[in-house]
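Protein chains in written order, with this note's numbering: chain A, 1 to 361; chain B, 1001 to 1361; chain C, 2001 to 2361; chain D, 3001 to 3361; chain E, 4001 to 4361.
In short, the hints are calculated from the structure, not lab data. From the three backbone atoms N, C-alpha and C, an ideal C-beta is built for every residue, glycine too. Any given hint could be a false lead.
[What the hints assert, rightly or not] No farther apart than 30 Å at their CA atoms in a straight line, the calculated lysine-lysine pairs in the DSSO-like style are these: (1) C:Lys2203 - C:Lys2227; (2) D:Lys3206 - D:Lys3358; (3) C:Lys2227 - C:Lys2297; (4) D:Lys3106 - A:Lys106; (5) B:Lys1060 - B:Lys1157; (6) A:Lys124 - D:Lys3206; (7) B:Lys1227 - A:Lys227; (8) D:Lys3358 - C:Lys2297; (9) C:Lys2124 - C:Lys2060; (10) A:Lys66 - A:Lys124; (11) A:Lys63 - A:Lys124; (12) B:Lys1358 - D:Lys3106; (13) E:Lys4297 - D:Lys3297; (14) B:Lys1203 - C:Lys2203; (15) B:Lys1227 - C:Lys2227; (16) C:Lys2206 - E:Lys4060; (17) C:Lys2203 - C:Lys2297.
[What the hints assert, rightly or not] Going by beta-carbon spacing under 7 Å, a handful of chain E positions derived as facing chain C: (18) Val4019; (19) Gly4020; (20) Leu4285; (21) Val4295; (22) Pro4308; (23) Leu4309; (24) Gly4317; (25) Arg4332; (26) Gly4336; (27) Tyr4353.
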Amino acid sequence: MSGKTKSKAKFVSRHRAPVGAPPGTLVHDERASPTGIRLTVISNDHVEEVADASLAAIEKAMKSGKRLWVDVTGLADLELLSAIGALFSIEELALEDIANTNQRPKVDTYEKHALIVVHMFDGKSVDSKEQFAILFDGRHVVTFQERPGDCLEPVRKRLRQPAGRIRTRGAAYFVYAILDTILDAYFPMLETIGDELEDLEDKITKDPHPRDVGRLHQLKRELLVVKRALWPAREMLSAMSREELGLIPSEVGYFLRDTYDHAIQLIDIVETYRELATGLLDLYLSSVSTKMNEVMKVLTIISTIFIPLSFLAGIWGMNFTPDSSWNMPELRWRYGYPVALTIMVLIAVGLLYLFRRKRWL
Amino acid sequence: MSGKTKSKAKFVSRHRAPVGAPPGTLVHDERASPTGIRLTVISNDHVEEVADASLAAIEKAMKSGKRLWVDVTGLADLELLSAIGALFSIEELALEDIANTNQRPKVDTYEKHALIVVHMFDGKSVDSKEQFAILFDGRHVVTFQERPGDCLEPVRKRLRQPAGRIRTRGAAYFVYAILDTILDAYFPMLETIGDELEDLEDKITKDPHPRDVGRLHQLKRELLVVKRALWPAREMLSAMSREELGLIPSEVGYFLRDTYDHAIQLIDIVETYRELATGLLDLYLSSVSTKMNEVMKVLTIISTIFIPLSFLAGIWGMNFTPDSSWNMPELRWRYGYPVALTIMVLIAVGLLYLFRRKRWL
Amino acid sequence: MSGKTKSKAKFVSRHRAPVGAPPGTLVHDERASPTGIRLTVISNDHVEEVADASLAAIEKAMKSGKRLWVDVTGLADLELLSAIGALFSIEELALEDIANTNQRPKVDTYEKHALIVVHMFDGKSVDSKEQFAILFDGRHVVTFQERPGDCLEPVRKRLRQPAGRIRTRGAAYFVYAILDTILDAYFPMLETIGDELEDLEDKITKDPHPRDVGRLHQLKRELLVVKRALWPAREMLSAMSREELGLIPSEVGYFLRDTYDHAIQLIDIVETYRELATGLLDLYLSSVSTKMNEVMKVLTIISTIFIPLSFLAGIWGMNFTPDSSWNMPELRWRYGYPVALTIMVLIAVGLLYLFRRKRWL
Amino acid sequence: MSGKTKSKAKFVSRHRAPVGAPPGTLVHDERASPTGIRLTVISNDHVEEVADASLAAIEKAMKSGKRLWVDVTGLADLELLSAIGALFSIEELALEDIANTNQRPKVDTYEKHALIVVHMFDGKSVDSKEQFAILFDGRHVVTFQERPGDCLEPVRKRLRQPAGRIRTRGAAYFVYAILDTILDAYFPMLETIGDELEDLEDKITKDPHPRDVGRLHQLKRELLVVKRALWPAREMLSAMSREELGLIPSEVGYFLRDTYDHAIQLIDIVETYRELATGLLDLYLSSVSTKMNEVMKVLTIISTIFIPLSFLAGIWGMNFTPDSSWNMPELRWRYGYPVALTIMVLIAVGLLYLFRRKRWL
Amino acid sequence: MSGKTKSKAKFVSRHRAPVGAPPGTLVHDERASPTGIRLTVISNDHVEEVADASLAAIEKAMKSGKRLWVDVTGLADLELLSAIGALFSIEELALEDIANTNQRPKVDTYEKHALIVVHMFDGKSVDSKEQFAILFDGRHVVTFQERPGDCLEPVRKRLRQPAGRIRTRGAAYFVYAILDTILDAYFPMLETIGDELEDLEDKITKDPHPRDVGRLHQLKRELLVVKRALWPAREMLSAMSREELGLIPSEVGYFLRDTYDHAIQLIDIVETYRELATGLLDLYLSSVSTKMNEVMKVLTIISTIFIPLSFLAGIWGMNFTPDSSWNMPELRWRYGYPVALTIMVLIAVGLLYLFRRKRWL
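Looking at chain A on its own, in the form it has when it is part of the complex:
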């Protein structure tokens, strides 16, 4: 299990066509989830969901003239992917981008349809990142996700409600609704990161601990993953809302500009958090320096006071014989011991006074 968690955390998906393969080559990925198809047939007054649809069912539904949402989950079955590609006349380069889950967010326009790639999170953890591809033409929408489970339940709910705009407006509006929902799911995830950062801020301010730096590094990594997902998504949304692609009517462009605004907000948050994280590392390091300083001061004060005193005790512990009156006469004085102790106390007090003047105490 831990191996799997680790592979998810990798920045770069290892799945890609071999070096030098001709364009359009699909390559089996042994870690891919098994492929399942969820078909939603949409008309203005009715919505029908088929949980595990077959190719034949899709073909039949296409002929009914209704609008379809084909949601493909798991990319293990390359033959099925190719068959879907054939059914919706998907270009081979587009299909390769769908299967190789290594893409940056982007929009590619082909003759008859457009392909959108974004990174989807489950709204909780950055580790849940998966590639989400949307292929749509004037009527149908085909989506491809890496694993079961997504953040699109609200969209499905809105589809089921009779009066939803999402049913009556065309495929482009539906694509907008999906994109908007995927980007919306970035907010709670970033809030979690923000909460952790502010928690770390408290901890580092009060009592810095090495484990905080590890956590900080982890959060910076996660912000890097989100940043890599967001910057190209912004470009993509800008291109989509600006350009007259033929497939996106201007009234949907109006909504996409709102989604674009959200992407800008998200980028703003990510950059703020990254700057905050950098500030926290500085705070930690200066705090460690300060603590080290404090520790060293204690050591230095204790050593500086007692080392000279111990030296004196050592002197008077020497065994020079009293045969000669030159040898350690002080040991034989009447008040030798009290005088010695007094000297020691004076030295200690003097040093303490010095330290206080140096503001070490």
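Following the hints, complete the assembly by docking chains B, C, D and E onto the known chain A.
Relative to chain A, chains B, C, D and E alone:
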């Protein structure tokens, strides 16, 4: 109370529509202040203020043909917001942006009116940040603020004065006056931050203390908040003063260019302060390093002088029996003790000379 | 006095109109110097200077049809400023920018004249920064400076010389001469900073001292002030030399491009010095680290050699009674003491050899 | 051997024409590999490979009207290079760029053909970097590589397969296939770097070791080499896919946009890895600081506890004679020793309590 | 002599016209080299060089209708410079830029000719930097250098060869040849810096020494000087190869694009080296931290083992009288000494085991 202060300090407002909600969804925020409306009816020769206006009063005033400033304070009452939206035919996406206090400063132009979002401070503390939304058409101005209390008292005063330009010129000039006042309030706030930075500079130069780094981090955070408010505001002002939006006549554009100049000045100040703060952290760290060095030198000097001397005292404190003439004959010499002390003094003087040559003293 | 020096060093002038004041409000600044006017009446064959001109004198000179340079020094007398504004029909926003000495360098074009704002230094110290505003139309030039004393003496000298181009060419050329002189005065000031930086470089390379970091921080601050003056000045000069403002004939644009070149050179120098200062801080910190290392090595070597030896001396100084032959028989050996000393010497030599192999010596 | 590895690792190839040589000068490089030519004659239904082709064979094949791929390996034989240059009418500046293996990736268009320069890696190690030049016109493709061995085996395989698009489409498609394969080989190489980085991350998090920093520095260096290869390659691919060069038909431009996408992905990976490496250095340094702190604490605790105790033992080890009752009477008390031991234990316990309160334990 | 080397190393030349001087003022620089003129008369079939030409000789040569290269070395003789200026009708601003050796690389076009300024190095050391100005019109080329000695020998050699293109093509091609040669001389200089950097890299990796940081700082400074020379040179070359200046025919633009490519390569190298230098500083600092850690560990281990043992030896060295059976009975035990030694060995072994578990050994 301290909990509330903390929630204000968060970079990102937690208030937003749930993931995947349809566009235009308004969501109740339990922390929102209760909604109140302050109505100002403006005509060239008379200004009437109603402190707690009802919807009906606004509707009636609209029909009088006079120009209105509807100032909505607190966003808790979503029904009231929707009713105001209906009254002034505000688009649902605009209303969502007004209610979700998570927006970056921006200007959005709709068919009949424009929506401006800025961040307002009370001129004293960065913690007072709130979203301020201005919706205006050719005649009326509707403003929405998160909490009671703002920095717009001077605008109200100017309205009350009979000869003010602010009465006679149209809604766009009035919007300019509000924007200019809000941005003006950034200046005293930044001056406070600047004073604290220069105070910290003094302290760190003279006697650096760990608490200074915490304060520095806090100031950097506050500057980050102001930066996030100012950069998009600059873009917004540039777009407003440049573009022919139809709603902003060129003579107001001329004044807006002055406000734009102020925004540039503010950004310049923020960037300067951020650079200063970075320099102060460097200063602190190098100061801590230097202090540590000084502490270590004291420890090393004391240890290096007394450790060898103590060793000698230990030697002559050994109990080898004098039965053999090989055993510690020096203890029995006539001048053994004075010679021993002399040797010790010579060693100490020699080491002090070495330290002086190494410039450690 | 020291308080005044301090207020000068502040990055941001505290003088501005109160928050929300109507545009064009002039506000008295109690720290402003008293206002004086120096009038220069220029014709091709004669130049007349009046040291302390009255408003009436200016008005009379204006009617003579000759070209004027009205040099206003000190901005305390707001009424006089307004009167001059009325005389030369200066827009109220322009007058506000002149009086509020908080402006970034810029050029604003109005219907009949243009306003240029730059930062002027006395060519020696960054602390001498003051705002210098130039207002000119096709004939006259009005300049406003914060304090008596400037770097324009060379311009006045050139005016007095009979054959100077500066007399015969129009107001735009005269403005160019002023701007060029003000920017020229940046060079000696930056050279001073450069000399100090190279002096610091020498010191830090040879014998780093904490006071060097303080000085470095000070120089970085000064470079920040100069940078803030230069970057917008470059934009301003670029706009002036490029644009056909109507007021600047193309042959003066040709000279302004030379001034623009100087601004670029100055920015290049500032950026180089800033990078050098950053490098010096790195040098200082690595030097402190290295010194600390050296100090620690000395402590460690001394301690590591003498602590075990002292331990041995302590062992042989114990008072186990010789009643039992098991108790410290070595003390009673014939060669006990020489053997003990030999063991100690061997240990010391062995440790020294180890340290040499670790390259600590 | 190690010397050779070292010279490869140099950032800048030392091979270039002498200073001031006329343009087009070819200079012998003694380290260059011997030149060999591999000729591939391509027609739609047949592909013929000649492993060690002579000039004459190339000339003959050219006359046959078939399309050629002349793959020159090793740049030692300048005469042969010139002869090939003459055969394909290569401009002298282009030939100089081919022979001087110091070029940044670029595309240069000449009257009749285009020259592309990229950096090729073997897909495993950054040290394998070599300059790869592609010269092509409407029919033929001539490639120049520095050393035998490349990553183009998949292209050769695809050529040998009867049904490959690569045979039937023109020279531009063939150039695309080569470029795409070369860029594809960056992926496994970067994956290796990524694996090492994540391995280092584990190590530094658990148990940082100085050798990790050396490895980190090495990886940063390698990323710098890849960055220098990729950024200009992106520009080149953008120019090629955008521009109508006449030589690149739009359907190949469509494929090149895919290769351009790969370049962007690669740059994204490189930048992410560079940022990760920077984060790891921070992690290492803060970890070393923390460890130092821990070590210092142990030293300080041990010293602070035992130094005062040893001092007391030293006191009671002094030899003041008991002749005077003032001299060390405690040594003669009945419970002197137990009391002394108790005092020592109390001091130790007290200090431990203090350290616990300071959270040092 | 060392003073002279120092003044060369200054970033900013101190030579410039006084503040406020009228445009075109030439100022005597006491450090300038004496002026000498080298005249080269070029015709397609003959080249004549005059080592120390007089003004009259130049004037005569001009009348002969042949093309001239007037190479002025040393800028001390301002009168001579002015005379040359008059001879070739050089604008006064251009002449000022030539004499004030403080210019950034640039190209200025005047009515009849163009002025190019670059920084020239001797190909070995960054300290050899001097300003090199090229003034040319359709026929003649006048160059100004600060000191005798340059890197243009190869150009002179090519001029002397009968068949050289450099003779027959016009002045623009000749200017290209000079520029190309000057930029080519950057390569060996940067290679020297690169060699030193890689040498430092080896040293710092193996055995870091404080002197390495000083050298690193020096190299960064040198790279800063080269950077300041190269960035504006790139702009200049781009402007020259792009623009139709009238003076530069398109076939020379084709060659200049090659020189522009070289400038880009050089900038790429400089940036790479700067990044490498930054990485080396990090490596040094982390290496110093690590070494300090190691030193501290040794100190701590030795102290922590021997301080408690010495304490025990001190205890048993106390002089409590055996009159009371409570006083140090262990000293009188039969196996007291062996037991004491055993206890000490056990403590030492126990501590060593602890250190091993903490991975300090």
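Checked hints:
1. C:Lys2203 - C:Lys2227: Judged against 30 Å, a Cα distance of about 26 Å means the pair holds.
2. D:Lys3206 - D:Lys3358: Measuring from Cα to Cα gives roughly 26 Å; hence the hint holds.
3. C:Lys2227 - C:Lys2297: Not OK: C:Lys2227 and C:Lys2297 at ~44 Å, beyond 30 Å, violated.
4. D:Lys3106 - A:Lys106: Given that 30 Å is the threshold and the Cα spacing comes to 25 Å, the pair holds.
5. B:Lys1060 - B:Lys1157: Holds, because 25 Å separates the two Cα atoms, which is no more than 30 Å.
6. A:Lys124 - D:Lys3206: 27 Å, holds
7. B:Lys1227 - A:Lys227: Distance ~20 Å between B:Lys1227 and A:Lys227 Cα, so the pair holds.
8. D:Lys3358 - C:Lys2297: 28 Å, holds
9. C:Lys2124 - C:Lys2060: With Cα atoms ~38 Å apart, C:Lys2124 and C:Lys2060 exceed 30 Å; violated.
10. A:Lys66 - A:Lys124: 35 Å, violated
11. A:Lys63 - A:Lys124: 39 Å, violated
12. B:Lys1358 - D:Lys3106: Distance of about 57 Å is beyond 30 Å: violated.
13. E:Lys4297 - D:Lys3297: 11 Å, holds
14. B:Lys1203 - C:Lys2203: 25 Å, holds
15. B:Lys1227 - C:Lys2227: Holds, at roughly 20 Å.
16. C:Lys2206 - E:Lys4060: Given that 30 Å is the threshold and the Cα spacing comes to 58 Å, the pair is violated.
17. C:Lys2203 - C:Lys2297: 24 Å, holds
18. Val4019: 4 Å, holds
19. Gly4020: It holds, given that the least Cβ distance between E:Gly4020 and chain C is near 3 Å, below 7 Å.
20. Leu4285: 6 Å, holds
21. Val4295: Hint holds; E:Val4295 Cβ to chain C Cβ min 5 Å, cut 7 Å.
22. Pro4308: 10 Å, violated
23. Leu4309: 5 Å, holds
24. Gly4317: 4 Å, holds
25. Arg4332: Interface hint status for E:Arg4332: holds (5 Å vs cutoff 7 Å).
26. Gly4336: Since the shortest Cβ distance to chain C is 5 Å, the answer is holds.
27. Tyr4353: Hint on E:Tyr4353: violated, closest Cβ of chain C at ~19 Å, above 7 Å.
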